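Residues in the sequence shown are numbered from 1 upward in steps of one, following UniProt numbering.
Keep in mind the hints are simulated off the structure, nothing from the lab.
Remember, predicted model here, so these are calculated numbers, not experimental data.
Be careful, since some hints might not be right.
Said to hold, decoys possible - Label pairs and their calculated CB-CB ranges:
hint: 1; residue 1: L48; residue 2: T9; range: 29 to 39 Å
hint: 2; residue 1: E26; residue 2: K57; range: 42 to 52 Å
hint: 3; residue 1: A59; residue 2: L38; range: 25 to 35 Å
hint: 4; residue 1: V34; residue 2: G13; range: 47 to 57 Å
hint: 5; residue 1: I54; residue 2: S14; range: 51 to 61 Å
hint: 6; residue 1: A17; residue 2: L55; range: 52 to 62 Å
hint: 7; residue 1: L4; residue 2: L25; range: 40 to 50 Å
hint: 8; residue 1: L25; residue 2: L55; range: 36 to 46 Å
hint: 9; residue 1: F56; residue 2: W21; range: 25 to 35 Å
Glycine is no exception: its CB is placed at the ideal position from the N, C-alpha and C atoms.
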Amino acid sequence: IKNLKLYLTIFYGSFYAIFVWGENLELLGFLVVVGSYLKKGLGVLSLLSYRVKILFKLALGVGD
């Protein structure tokens, strides 16, 4: 019975560890996805601001 108890404890312990690790992995995946979207978003924003700057320079150049 002692061995069975020990076995169950180890089994549940590893199961719990896998469960917790799986949850963390899911969170990590979510963070990676969000991070990549943010990177893309920032890239697009910087590109847009760059284009706007060029347009302003052109507009000012035409104004002169």
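Evaluated hints:
no. : hint                    : verdict
1   : L48 <-> T9: 29 to 39 Å  : violated, 58 Å
2   : E26 <-> K57: 42 to 52 Å : holds, 47 Å
3   : A59 <-> L38: 25 to 35 Å : holds, 31 Å
4   : V34 <-> G13: 47 to 57 Å : violated, 32 Å
5   : I54 <-> S14: 51 to 61 Å : holds, 59 Å
6   : A17 <-> L55: 52 to 62 Å : holds, 56 Å
7   : L4 <-> L25: 40 to 50 Å  : violated, 31 Å
8   : L25 <-> L55: 36 to 46 Å : holds, 45 Å
9   : F56 <-> W21: 25 to 35 Å : violated, 51 Å
In this structure, the hints that do not hold are numbers 1, 4, 7, 9, in rising order.
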